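The listed protein sequences correspond, in order, to chains A and B. Residue numbers for the first sequence follow numbering that gives the first Met the number 0, beginning at 0 and rising by one. Residue numbers for the second sequence follow numbering that gives the first Met the number 0, beginning at 0 and rising by one.
Worth double-checking, as some hints may not be accurate.
[Claimed, not checked] In silico DSSO-like cross-links for lysine-lysine, where the CA-CA straight-line distance does not exceed 27 Å:
#1 A:LYS486 to B:LYS155
#2 B:LYS251 to B:LYS41
#3 A:LYS514 to B:LYS148
#4 B:LYS251 to A:LYS486
#5 A:LYS50 to B:LYS242
#6 A:LYS653 to A:LYS686
#7 A:LYS444 to B:LYS148
#8 B:LYS41 to B:LYS399
#9 B:LYS59 to A:LYS650
#10 A:LYS653 to B:LYS148
#11 B:LYS144 to A:LYS653
#12 A:LYS444 to A:LYS413
#13 A:LYS678 to B:LYS59
The set of hints was computed from the structure by calculation and includes no laboratory data. For clarity, every value in this text was computed on a predicted model and none was experimentally measured.
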Amino acid sequence: MTFTLDSTMRDLHGAAPKVTILVDRCAGCQECVVRCPTAALSMDTGNWVAKADQSLCVGCRQCVRTCPFSAIEVEGAMMVGPRAETSYRHPTNLLGDAGEIREGILTLEAAVAEASRCLECPDPTCVRGCPVHNDIPGFLHALREEDLDQAQQVLRRTSVLPDICSRVCDQAVQCEGSCSWSLAGGQPVAIGALERFIADNSEIPPAERVSEAAEGLEVAVVGSGPAGIGAAWELVQAGAKVTVYEKQDQPGGLLRWGIPDFTLPSEVAMRPWDQLMEAGVELRCGEEVHPDRLSELLEHNDAVVLAQGAGVPMRPPVPGTDLDGVMDATQFLTRSYAALERHQGMDELRVAAGSKVRPPKVLVLGGGNTAMDVARSARRLGASAMCVDWMDRRFAPVRPDELTEAEAEGVVVKFSTTLAALEGEQGRVAYAKLSHTRQESAKEKPEVIEGSIETEPVDLVVMAMGYRNDPEFSPVLPGTPIRKEVKPLPDRQWTASGLLANPAPDFARHMPVGKLALGRDGALSKAALPFGDRCWAAGDALVGPSTVVEAMAQGRRAGHAIIARHPQRPARTAEPQPPSSTRRVLIAYESRSGNTKAVAGRLQEALNPISAEVTCLPLNRVGAAELAEADLLVLGTWVEGFVVARVGPAKATKAWLAQLPRMAGVEVALFCTYGVDPKGTLAAMRKPLEAKGARVVAEAAFGRRDVEITLAELLGRLVRQPGTGGVKVARRS
Amino acid sequence: MPTRTKMQIGKGDGDFRPTAVPPMDPIAKAVHLRAPVTDGMKEHFAPTDVSPGLEVTRFKPIANLVRSRKFQFFLILPNQIIFWLVIFLGLAGTVVPGLNFGTAITWYVWFALVFVMMVVVGRAWCSMCPFGGFAEWIQRASFWKRTQKALGLGIKLPESLAQYGLLFSVGMFLLLTWIEEFFNIAGPGVPHETSYMVIGIVSSALLFFLVFERRTFCRYFCPLTAVIGTVGTMGSVAGFRTKDRDVCVECKTKDCMRGGENGYGCPWYTWPGSADSNLTCGLCSECYKACPSDNVGLFLQRPLTSLVAPRRRRPDVAWAVAGLLGLVLFQQINATSAYTTLDGALNKVMSFPQYPNPIDYLGIIGAITAALGGIGWLMSRAFARRDLVFTGGGRTFIDKTSKFRAYFVPMMYGLVPVTGADYFARQLPKALKHASRLVPSVAAWFGDGSTKSYLYNYRILSNPHIVLTQLVVVGLGLVGSVWATWRISGRELAPISAKPLAARFAVEAMALATGGAILFLYVIMHAAS
Ligand code: SF4
Ligand code: SF4
Ligand code: SF4
Ligand code: SF4
Ligand code: SF4
Ligand code: SF4
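Here chain A stands alone, though its shape is the one from the complex (with noise of 0.2 Å):
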């Protein structure tokens, strides 16, 4: 459909949008042009300068975000109507009510017409914002076209879990945050809600079998959490024979107990682990994976994955939290939630309360989302609580959504408040003292003010200020929580979105949303690799503490790379080796002259017969993306320094290599180009990439004058079935 302006719209909204472009500094490059949703820009060809069509413009202002030279400006109003508001129920009686607060959109009406404020750009920010990268203008296209299978299918091909994520993720930092509108300081099209809407209207499909890749495959999971989840369906679908250790009596991991019937309903949390064990995985319930279990686990599969979440409370530094009535939050919400199942009372409550004729006072340390679960559960169960966390109420992290919940539904949540002590009766926790904290800006701690304390009593305390790594799994998981980071030059095509351009809009909070997003991918691009030879890992278990979508995302991802690499464990591989011919290969190559460039031409074209698919990439463009689906990389550099001093790999190799994220079990062949001598070029760069796990099994000098034939000794080796060590042809004439 096209998108269509109709003159109410302009009087609804004022002065209509006016584009201006600054004709002595549009070079004419198109960026706006492609990327106008609505065709009001096209090009003056006479001046070769971009011209608008102001009738056609909605004022959404991505040619501004995307223009490189700065050369359009754009006024006035954005063309678009209201945003649905989505409905809540209040209830009446909070006691042991355990349904769903939030409703969603409730008519397709409705829905449709929401999805109608979608302008379906065409280089998306709301799909880079996600981070599962759902194709967003694509399922609400299908809406609007009231195809919900269709929509339901679009949503399949990145999410197996849009039912859930719908419900739980902060859309305001992620997709919402990033849709056109919100960049341009409007209102978002309700993304998560029509995702619910289609999620919940449109049968969702099995985990079939859609293909053989697989096929023979044994792979264990650890954890059955939403990162288990999305590893378990990628490689059940491809064919693996999966099995699942969960340590608890139920799968679903954080699904189940850790987030509340009210926000996501146990019929839609299990809904995931129905339909896989209808698959065919096997789930082991009631097993932990301990570290030292691992070379069991890899011994009888071909590969592990490790998603198991990060698990471990943080606790505050005060005296009296090992009093008793003092708990964590994971202890509480498994409590709760098996209490409100059964609609019954909690006996911590019960306890806790004593022969009060005053409901129990729960304190609740922290005032993030765990923190606002575990008060609001406890309101159910006929409790009062209090959140204290010691942010200013205008920089917490808090979704506004939860906390506007929470506090009708009763919790008192006092920001700019810390604990300073508990202190107990008998041994039993009865009293806490709070102190008050200042805080002036979200970038600096919060500073407690000296003398503030105040007393308050409390029956019941639970901490719930978040999660750590458990350090028993560092050792074999080096490195993790990998951060998520952005470097200084992000990726060029998210830097031509203008995702990038409007740092931190309203709608998301003034969160970055543009930089959490390329943080997030960068993490997702790097749960593709393997630790130590057929070891994955995704989810919390590898970022820290983070979301459902992302670890479902990763544990994706990380299916995905095993699928592609189709690591075999030693048992088997008395079995003939997968002939070279089924190896992708990855020509990386840093270039000055391009003498370097000629060689790995070379050799692709050599290689390209007897592989199943050889890349060739100059160096820069290299990133974990790219390593994680190559079987052989070939790494080639251009030889630096003055013919006697500093001789080495150029710099940008060297620059490359000590950024290089793990590389264990990929074979790597060397090679460099030289004029006169290349010393210890390539013992320079063996070095690093032996030390991240990589195996070099060729390594190749080529001068000037010997090409050829260096050519032919590296072939050679390369020809000859992988691990058989490195074998060095370097010739010096």
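Fit chain B with the ligands to the known structure of chain A by using the hints.
Relative to the frame of chain A, chain B with the ligands by itself:
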């Protein structure tokens, strides 16, 4: 809904990879950019496109040099050293202008050299300029390294100002010239005044670089940019241009504009993909370094190509030429006795201390500019076809269209060679009389320079020979103008004129008359001295 064309994943080298397992690139799947406009692109750029045979960077040593990040630094460094010397020696050195290295190099050598570079190359000076160079080092917080953080506010110049293009620069140039004439700085006069002038330029450059983004100063405000830009269009260097425009049009990242791994985005707001003249290429080579597809080259072209060939004509350039011509003619007129009388009388009435009186300065320049405008207006009324509509362009200064502009703008482009030649000729006496003073001025550092030395008093050419040289230079410029005007009028005025040939002859006559006036003034000036 926009057409869903599959996005080319930016892997370059055309290596599309089939895999056994479907590749997971959901973003690429969701992106469906519109197809860029290519209709009319070939025709638009055909006249100005460079020929692959004239690519200088085809030669590996040159390519390696230009690719090096230190390349521009080492171009700037010597000039940087010289200009700080100029400042320092102007303040601390000898007060004899001819013997002070600062004044000697600035006014005997530098100005003339800059003109030679303009005419031969284009913006060669901009690539080595110590003013912008210095300010840019600070803006980037780096001498040559590609950094990601810029110092300063990075404001973009608002549309309300940017639409006037080069005209601010003309204004700055007029102001600077007036100051220079008032204090007789370029005479050269007292050396410390030259220092103050240089300090003034450097600090205003720095201020602009810290307030605005990129080289806003160079593109709009630098007092020299209008002169270098317009006169430079005669040059034989086309600048950095795309090798294959189709690749640029399909390019998904535009690193040459936004900045990439190894190069900054074009500081001059020029896209190699659409550059049709060397007017706004500062030859900094950043785009060459930034392009990931190796699709930029440094190209040569035939002289005057950037003047006659571009299809896009800019009114700011036209008015700049008119104003600059006004200024250089003023500088010739001021040598006549009639002017001296006028200036003296005006100064007396206004109690203004000395030459040049700002009223007659601006009055004469304004009158010449207006006269040129008037001629353009008369031509448009006399020749324009009545069946054509000339309005309908944009609303801003830069893109408005009118009958007047349709004649005036191309006409002024035609006058560039003779204007450039006139500026150059004006510099000749100082260079040809005194360039050799550079040697004693250097010797003066060691207390060895003397106004009595042979080289101090050596004349490369005698006065009559100098005038002759000036006449020859202007004559050559005039030939250039006549040729350019003929070509331009043939393509741009003939189709819109009721009597095409008459229109072409009329503008030729105007070019000739301008040249004649300049030549005549040189003869008079000589007679006066
Ligand atoms: S504001 Fe949006 S609709 Fe208007 S011209 Fe820019 S991109 Fe197109
Ligand atoms: S993106 Fe900017 S420079 Fe490019 S065509 Fe559009 S307005 Fe012109
Ligand atoms: S998965 Fe989450 S972030 Fe992605 S589109 Fe759905 S609600 Fe938005
Ligand atoms: S949801 Fe927003 S960003 Fe995404 S395609 Fe629609 S309008 Fe564009
Ligand atoms: S010069 Fe290079 S970076 Fe710039 S548009 Fe062309 S191909 Fe892209
Ligand atoms: S970046 Fe390229 S086009 Fe721009 S000024 Fe420098 S050399 Fe010229």
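Between LYS444 of chain A and LYS148 of chain B, is the straight-line Cα distance small enough, at 27 Å or below? Holds, at about 25 Å.
Hinted pair, alpha-carbon criterion (27 Å max): LYS486 of chain A, LYS155 of chain B. Please report holds or violated. Given pair LYS486 of chain A, LYS155 of chain B holds - Cα atoms ~25 Å apart, limit 27 Å.
Regarding the pair LYS678 of chain A and LYS59 of chain B, is the alpha-carbon distance no greater than 27 Å? Within the cut-off at roughly 25 Å; holds.
Does the structure keep LYS50 of chain A and LYS242 of chain B at a Cα separation of 27 Å or less? holds (26 Å)
CA of LYS514 of chain A to CA of LYS148 of chain B, is that 27 Å or under? holds (16 Å)
Are LYS653 of chain A and LYS148 of chain B close enough, with their CA atoms no more than 27 Å apart? holds (23 Å)
Agreement of LYS59 of chain B and LYS650 of chain A with the hint, judged by alpha carbon distance not exceeding 27 Å: Between LYS59 of chain B and LYS650 of chain A the Cα gap is close to 20 Å, so the pair holds against 27 Å.
When you check the alpha-carbon spacing of LYS251 of chain B and LYS486 of chain A, does it fall within 27 Å? Holds: LYS251 of chain B and LYS486 of chain A sit about 19 Å apart, inside 27 Å.
LYS144 of chain B paired with LYS653 of chain A [C-alpha distance capped at 27 Å]: holds (17 Å)
Is LYS41 of chain B within 27 Å of LYS399 of chain B, Cα to Cα? holds (24 Å)
Against the 27 Å threshold, does the CA-CA distance of LYS251 of chain B and LYS41 of chain B hold or violate the hint? holds (20 Å)
Tell me if the straight-line CA distance from LYS444 of chain A to LYS413 of chain A falls inside 27 Å. holds (17 Å)
Going through the hint list in order, the structure satisfies each hint without exception.
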